[in-house]
Amino acid sequence: MSTLNLLVAVCTAYVFFLFFVAFAADRLALQGKRAWLRSPLIYTLSLSIYCTAWTFYGAVGSAARNGFEYLTIYLGPTLVMVSWWWLLRKLIRIGRTQKITSIADLISSRYGKSSLLAAGVTILAVIGTTPYIALQLQSVTLSFSVFAAQSDGLAAQDQAQVALWLSLGLALFTVLFGTRNLDAKERHDGVVMAIAVEAVVKLVALLSVGIFVVWGVSGGLTEALHRIDASEFGEWHTDRSRWAGLIFLSAAAFLCLPRTFQVLVVENDDESHLRTASWAFPLYLCLISLFVVPIAVVGLDIMPEGSNPDLFVLTVPLALGENGLAMLSFLGGFSSATSMVIVAAIALSTMVSNHIVMPIWLHLSPSGASVSGDVRAAVLMARRISIVAVVMLGYLYFRMSSGGAALASIGLVAFCGLAQVLPAMLGGMFWRGATRLGAFAGLTAGFVIWLYTLYLPSFGVGTILPMSIIDNGLFGWAWLKPDALFGITGLDQLMHALLWSMLFNVVCFVSVSLVTFPSPLERLQAAQFVNIFDHSTSARSWSGGTAQTEDLMVMAQRILGAGEAQALFLRHARRQGARGNLPAPTPDFLEALERELGSSVGAATAHAMVGQITGGMAISVEDLMAVADETAQMLEYSARLKEQSQELSRTALELRNANQKLTRLSIQKDAFLSQISHELRTPMTSIRAFSEILRDTDQMTPAEQSRYASIIHDEAQRLTRLLDDLLDLSVVENGQVNLNLRDGTLRDALDRAVSSAGIGEDGVLLDIDRDPSREGIVLHTDLDRLSQVFINLIANARKYCDAKAPRLVIRVMQEADRVVIDFQDNGSGIAPDAVDMIFEKFARVSDQKAGGAGLGLAICRQVMTRLGGSVDYLPAARGATFRVVLPYRTAMAAQ
Amino acid sequence: MKRTTDRPGSPTVFHERRTYRRRRVMDAARVAPGLALILWALPMVWPQTGEGTVSSATALIYIFAVWAGVILLTWGLSRLLADEADEPSDDES
Numbered sequence: 001m002s003t004l005n006l007l008v009a010v011c012t013a014y015v016f017f018l019f020f021v022a023f024a025a026d027r028l029a030l031q032g033k034r035a036w037l038r039s040p041l042i043y044t045l046s047l048s049i050y051c052t053a054w055t056f057y058g059a060v061g062s063a064a065r066n067g068f069e070y071l072t073i074y075l076g077p078t079l080v081m082v083s084w085w086w087l088l089r090k091l092i093r094i095g096r097t098q099k100i101t102s103i104a105d106l107i108s109s110r111y112g113k114s115s116l117l118a119a120g121v122t123i124l125a126v127i128g129t130t131p132y133i134a135l136q137l138q139s140v141t142l143s144f145s146v147f148a149a150q151s152d153g154l155a156a157q158d159q160a161q162v163a164l165w166l167s168l169g170l171a172l173f174t175v176l177f178g179t180r181n182l183d184a185k186e187r188h189d190g191v192v193m194a195i196a197v198e199a200v201v202k203l204v205a206l207l208s209v210g211i212f213v214v215w216g217v218s219g220g221l222t223e224a225l226h227r228i229d230a231s232e233f234g235e236w237h238t239d240r241s242r243w244a245g246l247i248f249l250s251a252a253a254f255l256c257l258p259r260t261f262q263v264l265v266v267e268n269d270d271e272s273h274l275r276t277a278s279w280a281f282p283l284y285l286c287l288i289s290l291f292v293v294p295i296a297v298v299g300l301d302i303m304p305e306g307s308n309p310d311l312f313v314l315t316v317p318l319a320l321g322e323n324g325l326a327m328l329s330f331l332g333g334f335s336s337a338t339s340m341v342i343v344a345a346i347a348l349s350t351m352v353s354n355h356i357v358m359p360i361w362l363h364l365s366p367s368g369a370s371v372s373g374d375v376r377a378a379v380l381m382a383r384r385i386s387i388v389a390v391v392m393l394g395y396l397y398f399r400m401s402s403g404g405a406a407l408a409s410i411g412l413v414a415f416c417g418l419a420q421v422l423p424a425m426l427g428g429m430f431w432r433g434a435t436r437l438g439a440f441a442g443l444t445a446g447f448v449i450w451l452y453t454l455y456l457p458s459f460g461v462g463t464i465l466p467m468s469i470i471d472n473g474l475f476g477w478a479w480l481k482p483d484a485l486f487g488i489t490g491l492d493q494l495m496h497a498l499l500w501s502m503l504f505n506v507v508c509f510v511s512v513s514l515v516t517f518p519s520p521l522e523r524l525q526a527a528q529f530v531n532i533f534d535h536s537t538s539a540r541s542w543s544g545g546t547a548q549t550e551d552l553m554v555m556a557q558r559i560l561g562a563g564e565a566q567a568l569f570l571r572h573a574r575r576q577g578a579r580g581n582l583p584a585p586t587p588d589f590l591e592a593l594e595r596e597l598g599s600s601v602g603a604a605t606a607h608a609m610v611g612q613i614t615g616g617m618a619i620s621v622e623d624l625m626a627v628a629d630e631t632a633q634m635l636e637y638s639a640r641l642k643e644q645s646q647e648l649s650r651t652a653l654e655l656r657n658a659n660q661k662l663t664r665l666s667i668q669k670d671a672f673l674s675q676i677s678h679e680l681r682t683p684m685t686s687i688r689a690f691s692e693i694l695r696d697t698d699q700m701t702p703a704e705q706s707r708y709a710s711i712i713h714d715e716a717q718r719l720t721r722l723l724d725d726l727l728d729l730s731v732v733e734n735g736q737v738n739l740n741l742r743d744g745t746l747r748d749a750l751d752r753a754v755s756s757a758g759i760g761e762d763g764v765l766l767d768i769d770r771d772p773s774r775e776g777i778v779l780h781t782d783l784d785r786l787s788q789v790f791i792n793l794i795a796n797a798r799k800y801c802d803a804k805a806p807r808l809v810i811r812v813m814q815e816a817d818r819v820v821i822d823f824q825d826n827g828s829g830i831a832p833d834a835v836d837m838i839f840e841k842f843a844r845v846s847d848q849k850a851g852g853a854g855l856g857l858a859i860c861r862q863v864m865t866r867l868g869g870s871v872d873y874l875p876a877a878r879g880a881t882f883r884v885v886l887p888y889r890t891a892m893a894a895q
Numbered sequence: 001m002k003r004t005t006d007r008p009g010s011p012t013v014f015h016e017r018r019t020y021r022r023r024r025v026m027d028a029a030r031v032a033p034g035l036a037l038i039l040w041a042l043p044m045v046w047p048q049t050g051e052g053t054v055s056s057a058t059a060l061i062y063i064f065a066v067w068a069g070v071i072l073l074t075w076g077l078s079r080l081l082a083d084e085a086d087e088p089s090d091d092e093s
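Protein chains in written order, with the UniProt record's numbering: chain A, 1 to 895; chain D, 1 to 93.
Simulated from the structure, these hints should not be mistaken for laboratory data. A virtual CB, placed ideally from N, CA and C, is assigned to each residue, including glycine. Be aware that one or more of the hints could be misleading.
Over 10 Å on every C-beta distance to chain D, these chain A residues come out as not near it, computed from the model [what the hints assert, rightly or not]:
| # | residue |
| --- | --- |
| 1 | 16 |
| 2 | 71 |
| 3 | 75 |
| 4 | 83 |
| 5 | 238 |
| 6 | 244 |
| 7 | 275 |
| 8 | 282 |
| 9 | 293 |
| 10 | 553 |
| 11 | 657 |
| 12 | 701 |
| 13 | 706 |
| 14 | 742 |
| 15 | 766 |
Simulated restraints on C-beta separations [what the hints assert, rightly or not]:
| # | chain 1 | residue 1 | chain 2 | residue 2 | range |
| --- | --- | --- | --- | --- | --- |
| 16 | D | 23 | A | 116 | 39 to 45 Å |
| 17 | D | 82 | A | 116 | 58 to 64 Å |
| 18 | A | 577 | D | 68 | 29 to 35 Å |
| 19 | D | 38 | A | 400 | 41 to 47 Å |
| 20 | D | 35 | A | 577 | 50 to 56 Å |
| 21 | A | 642 | D | 68 | 52 to 58 Å |
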């Protein structure tokens, strides 16, 4: 049996094995045994989709041509994986929460579920990925031809045949396992399992060749290292800009390539798997690249001049007669190529069907989403056709480029194209200010520059871009030469394109974002994406009400399938506590439904479909409040703090005042006690003394007796008055006093007060100035009590006024609802610090002028309160001024 | 996930020792990629010609040694951060 036949047999067997693995995994998943299908190990291995045939074969080729540069392609993804904590964890949480189905869906969903952006990213992805698929086909046909060369060679016609059969087989596999279900999670257990197996195969293959080369050919590690030093590699030579640029490029590509995004985010089953992958995938990359240099060095050594270094992995074992190893190596390359094509086709078909086919279909079908018929089938069909189209596009590209050398560089060209998504993606994840227009501007600028400076020239000079443009620049402007924009020459073509495209991309993205204003839905999504860990709820966007649940049900059935849709509706009906099987179209329900639909047809399409039925794209007030929530919380919190501190200082002030007052009251009480005992003691002493004289003196004239007795009488009266005051106060205070209400004029009350208090015992005359014409107000009140208050005020003025010629002005003012009587003397007034004390019991302004017990004003205030009025001291007036206010009601009642 | 400590309502300044440690581990996980990037950028400043050029074998060993170190570091950090990463997600469906 010839080698080629054996190869075909092994290849077929391997393909059947893969079909079996995928089939078994799908069966297991259906039986609910997903636990071990979805382990961290499988997740890590599936990430190896990043390592395609281009890296399997091409890494050795690159090492043979450019030295260590090949390492950058692995260092970039390693850096990304190491950044799992702040970058990938967030990305995956966003992907899971928002049910992201592809990178286009991510961008579209972040920027207000924009269909235009989604379509743009999809087109970019298709343009960038098609040559890449062609590259995989090329690598497989090349490796076939290597084996064929052993026997009788492979004609160009046969190469095309191989490529055609391969693409058909891959399309079949992808359709079978990639579109089995349109399920909610958009996860493909069978495909992921097959990829994980292929990941193991390519690692084992490359490691085997490497171990064979180091220990079998070179004779040990030390010898291998010597050999490296002795070879063309010699010393460290690397283009510095390419070293840095390629690390960035590969890191960006790892995040943005549709296939890596598919396995990294969409197929992720459990966030904790990322924790394992964060170190396990770098380990995988490290192992994959470990033996590349030794293989390249040995290949350069033993292979004849001019042989293709891209195939050293295959040709070195063959040349050394290790056919089994070569076969394993072939399978490794085959695995790399097939797994890439499968996942890329799935990812691209999801994007094409969700973001291009479905919107057009929705637009074309006259009655929109509520038309009858199975959308589910339509979506699946769209996806299947997309898969076949994508793979066939790759095949056509391969045929057209006829496997030329142009393909070899297409890997990095594709990387550079898809890296244009990076600013919009990272900006969307970390910057709330990024807007849809900004993202669109950035993507467009980057895409156009990439197309012009890298993609179109990559087809070869003169194929698409005419020579004139390459030589003289666009429109003959030299500064628009595709390989020297703005006249900057000397840069490597790839780095030149990367620099300018990323620069314009980022500048346009940021500046347009800064000057444009996002729509409410965009701002909502921005808050959701950027603060994904704060509130892992999804965007609320529907304020339903007009939505017909039946219509939604019809639509959901056609997309999710009848069983699943009914289960979903029933679950929400139960949650809402609704009777029957249909939930009310609340915003919560619509949001959940949209998310479910989104996981099948993408966020933008789902949004549009629900929108057609609910008939509105309104955002409820609660949603806006949720966006404002954060700011509001901060504001509210600081306002509360301020309020609290103000309240605290107010309380402290009050406490301080109260304390001062208490202290003064305490001093006053002491003073009063000593005063009252003095006041009581003085008359008592006189009474005792004179009564003793009366008792003990035998010869006493009647005049003397009478005088002594009258002294005793006077003193006893003084005592009684004092005690009366005390009693009076306590009676008034306790509210036990009975008011003797009767009619009378204010003038009478004042007359009485003036006559009884105007002239004191000491004979000091107080000049009282009155205006009797205004005093004729008829009052209905307790006139005796009122006179008592007036007496007190007049007596106080007489006692305390320190002017040489004491004078008291009594003014009556009649206001709308009250009568005001001011008592103003011409003295120096009451000291400000004593003002708030004078109405307290036992308060006296000074000890020297001690006249009463200090109860007068306290009684006055109590009396006035009982009469419904008030008595206050006016601190601003000249001299001591007391203001008595009587409610006019009392006066009116009397009229 | 809402973490109460991040709420403006209760800005906690002092954490217990364990919480403090965990936060520093998170910081370490954030700066680890920076360290790796710097170490791998170093070859750019190696002399390319003349005296002191680095031999290919040495360069190869250096890059892979850094790689091994990065893998070990990430492994250690991912183990320390196990509790954080496994926090239950809000996926209700």
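Okay, the hints, checked on the actual structure:
1. Once the 10 Å rule is applied to beta carbons, residue 16/A is consistent with being away from chain D; the minimum gap is 36 Å.
2. Distance check on residue 71/A: its Cβ comes as close as 6 Å (rounded) to a Cβ of chain D, failing to clear the 10 Å threshold; non-interface status is violated.
3. Residue placement check: residue 75/A does not keep its beta carbon more than 10 Å from all beta carbons of chain D (closest about 5 Å).
4. The claim that residue 83/A lies off the interface is violated: its Cβ sits roughly 4 Å from the closest Cβ of chain D, which falls inside the 10 Å cut-off.
5. Consistency note on residue 238/A: stated as away from chain D, yet its beta-carbon is not over 10 Å from all of that chain's, at 7 Å minimum.
6. Residue 244/A, annotated as away from the interface, has a beta carbon of chain D within 10 Å; the closest lies near 6 Å.
7. Not every C-beta of chain D lies more than 10 Å from that of residue 275/A, the closest at about 5 Å, which undercuts listing it as non-interface.
8. A cut-off of 10 Å between C-beta atoms contradicts the statement that residue 282/A is not in contact with chain D; the least separation is 5 Å.
9. Listed as a non-interface residue, residue 293/A fails to keep its Cβ farther than 10 Å from every Cβ of chain D; the least gap is roughly 6 Å.
10. Consistency note on residue 553/A: stated as away from chain D, and its beta-carbon is indeed over 10 Å from all of that chain's, at 17 Å minimum.
11. For residue 657/A, the non-interface assignment is confirmed: its Cβ lies about 33 Å from the closest Cβ of chain D, beyond the 10 Å cut-off.
12. Remark: the non-interface label on residue 701/A is consistent with the geometry, its nearest Cβ contact in chain D lying 93 Å away (cut-off 10 Å).
13. Every beta carbon of chain D lies more than 10 Å from that of residue 706/A, the smallest distance being close to 87 Å; the non-interface claim holds.
14. For residue 742/A, the shortest C-beta to C-beta distance to chain D comes to about 64 Å, beyond the 10 Å cut-off, and the non-interface label holds.
15. Annotated as non-interface, residue 766/A keeps its C-beta farther than 10 Å from every C-beta of chain D; the closest such distance is 66 Å.
16. Distance hint for residue 23/D and residue 116/A: a CB-CB separation of about 42 Å, consistent with the stated range 39 to 45 Å.
17. The supplied range of 58 to 64 Å is broken by residue 82/D and residue 116/A, whose beta-carbon atoms lie about 42 Å from each other.
18. In this structure the hint that residue 577/A and residue 68/D lie 29 to 35 Å apart at CB is violated, the actual value being about 58 Å.
19. At about 44 Å, the beta-carbon gap between residue 38/D and residue 400/A stays in the expected band of 41 to 47 Å.
20. Take residue 35/D and residue 577/A: their Cβ atoms lie about 54 Å apart, and the range 50 to 56 Å holds.
21. Restraint check, residue 642/A to residue 68/D: a C-beta distance of roughly 56 Å satisfies the suggested window 52 to 58 Å.
Of the numbered hints listed earlier, those contradicted by the structure are 2, 3, 4, 5, 6, 7, 8, 9, 17, 18.
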